[in-house]
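Engineer: Sequence:
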Amino acid sequence: MTRNIFSITSLLYFLVFLPLSGFSQEADALKKENQLLKEQLKRMDELEIRLAELEGDKDKLQNKRPPAGIGDTIPSEMLDIPNSDLRESHQILTGSELVADNFPASWPMFGSEYRMKIGGRVKLDMLYDFNGTSDRNQFLMSQIPINGSPEEANRGYFNMFVRESRFSIDMRRVTAGKVPLNIFIEGDFWASTNNANYRLRHAYIVVGNFIFGQTWTTTSIMESIPNIIDFAAGDALYGGRAAQIKYQKRINDKWKWAAGIEMMDYIGIDNAFNQPGSASLGLPAIGGRLDYSWKTGMLALGVNLAQMRWDGGDSLYTTASQIAMVIGGRQYVGKDFFTFNVALGKGSGDNIMALTGSNSNAILTPDGELETMPAIAVLLGYVHKWNDRFTTNASVAYTTLDPSEYRAPESMKAAAIGHINLIYQATERLYAGIEYMWGERMNKNSDFGRANRVQAMVKFDF
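Heads up, the sequence shown is in our numbering, so the first residue is 192 and it goes up one at a time.
Hints listed in this document are in silico derivations from the structure and should not be mistaken for laboratory results.
Computed cross-link-like contacts, DSSO-like style, restricted to lysine-lysine with a CA-CA straight-line distance of at most 30 angstroms:
no., residue 1, residue 2
1, Lys650, Lys576
2, Lys526, Lys486
3, Lys440, Lys308
4, Lys308, Lys650
5, Lys604, Lys635
6, Lys440, Lys526
7, Lys445, Lys369
8, Lys308, Lys445
The calculated label-pair distances, taken between Cβ atoms and stated as ranges, are:
no., residue 1, residue 2, range
9, Val370, Ala463, 44 to 52 angstroms
10, Pro565, Thr487, 31 to 39 angstroms
11, Pro273, Gln466, 47 to 55 angstroms
12, Arg346, Ile611, 19 to 27 angstroms
13, Ala463, Arg390, 30 to 38 angstroms
14, Phe651, Arg306, 16 to 24 angstroms
15, Pro600, Ala623, 38 to 46 angstroms
16, Pro600, Ala450, 37 to 45 angstroms
For glycine and all other residues, C-beta sits at the position ideal for the given N, C-alpha and C.
Given the sequences, and given the hints that come with them, work out the whole structure.
Structural biologist: Written out as structure tokens, the structure is:
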């Protein structure tokens with residue numbers, strides 16, 4: 192009886208359980224094969240999307256990309272500014288923005304989790320200056336010749352250069368489940384008159400939402416500048432580039448904020464009476480910024496705080512505070528758009544590009560105190576697209592400083608510059624254009640000067 196039961200059990204095993212076990216193994220193998228096939232198909236789609244990005248095939252991109260889901264980090268309702276509409280096309284991305292970015296024209300660094308891109312531009316500038324302004328490469332408010340000065344006798348001149356040509360390396364890791372990383376280095380040739388010396392513009396590391404290195408300061412609202420051919424671009428922007436540690440985070444599709452500590456390279460103290468000592472920093476500058484964007488525009492508000500000090504040893508030591516507020520943005524109306532940037536501050540003149548290096552933050556008075564000077568900068572722009580090939584950019588920039596009574600009479604008090612251009616986009620990356628600019632300057636003693644310049648360019652972005 193026992194043998195019969197054993198035989199029946201063995202028969203059931205061979206007839207039922209063994210085939211079921213085999214079917215289960217086959218099902219597991221088939222499931223793994225299906226999963227592998229799905230992953231391969233997904234990878235093929237990703238490669239096709241990357242190929243379409245490299246080829247600039249927008250129709251293929253639209254067909255291949257899945258519709259935005261509920262969990263998408265960066266919704267499609269956000270303002271998306273085309274690179275051709277930006278004076279500075281490189282955008283500093285952190286966290287979710289870095290992950291969501293398509294990173295076009297990049298390639299995988301095989302054997303690693305990183306992708307890399309080489310970028311930059313080659314730009315040839317040609318100009319004729321009618322009034323002999325002192326800077327032969329950019330149209331600066333501070334270099335406009337004053338009536339009655341020796342510079343008024345300067346003759347017009349022609350200049351041609353490639354100093355604004357740039358080269359950059361961009362490397363990123365956006366692997367799922369890991370902290371996003373980005374390394375960016377960019378330089379140009381603006382530091383030398385012979386166009387041979389490479390100048391560092393940006394060198395920073397992004398770790399998640401943190402930025403470590405040198406790049407635009409927190410209060411530099413680059414979206415508020417139209418595409419001006421002149422390198423100075425109006426000269427009235429508040430900010431610049433500095434070494435910094437910054438935290439930048441997108442809250443949602445409308446709001447983004449940033450805060451950081453920054454090196455203040457231009458302390459900007461005027462030692463009019465040649466007193467002993469030198470300007471120095473005891474603490475880094477502090478910057479904060481809040482951005483709000485909608486489908487057709489964006490607005491940014493920035494605040495800058497810093498302490499300046501004069502260190503003359505035991506005989507002379509004094510400090511003063513710097514404070515400034517900046518508001519800027521852009522608004523699209525159809526394909527056209529307006530830009531604006533307004534900066535108000537006290538003890539912050541050297542942070543305005545028109546006054547950088549002129550010691551316009553504060554002045555050391557005869558009794559050894561630091562007297563800060565108020566400053567205002569306004570930059571307004573309008574961009575009109577005639578068609579898909581031709582665009583006109585126009586801007587007006589104004590800067591004024593309320594100088595101390597101890598400030599030199601020949602120092603600049605106020606100035607304005609206007610630009611208008613016509614840019615032709617021959618291909619996706621090749622541009623040519625011509626621009627007219629004029630400027631007026633007034634000194635503290637009311638002396639006045641005026642200048643005009645025409646500039647043309649050919650540029651290839653890569």
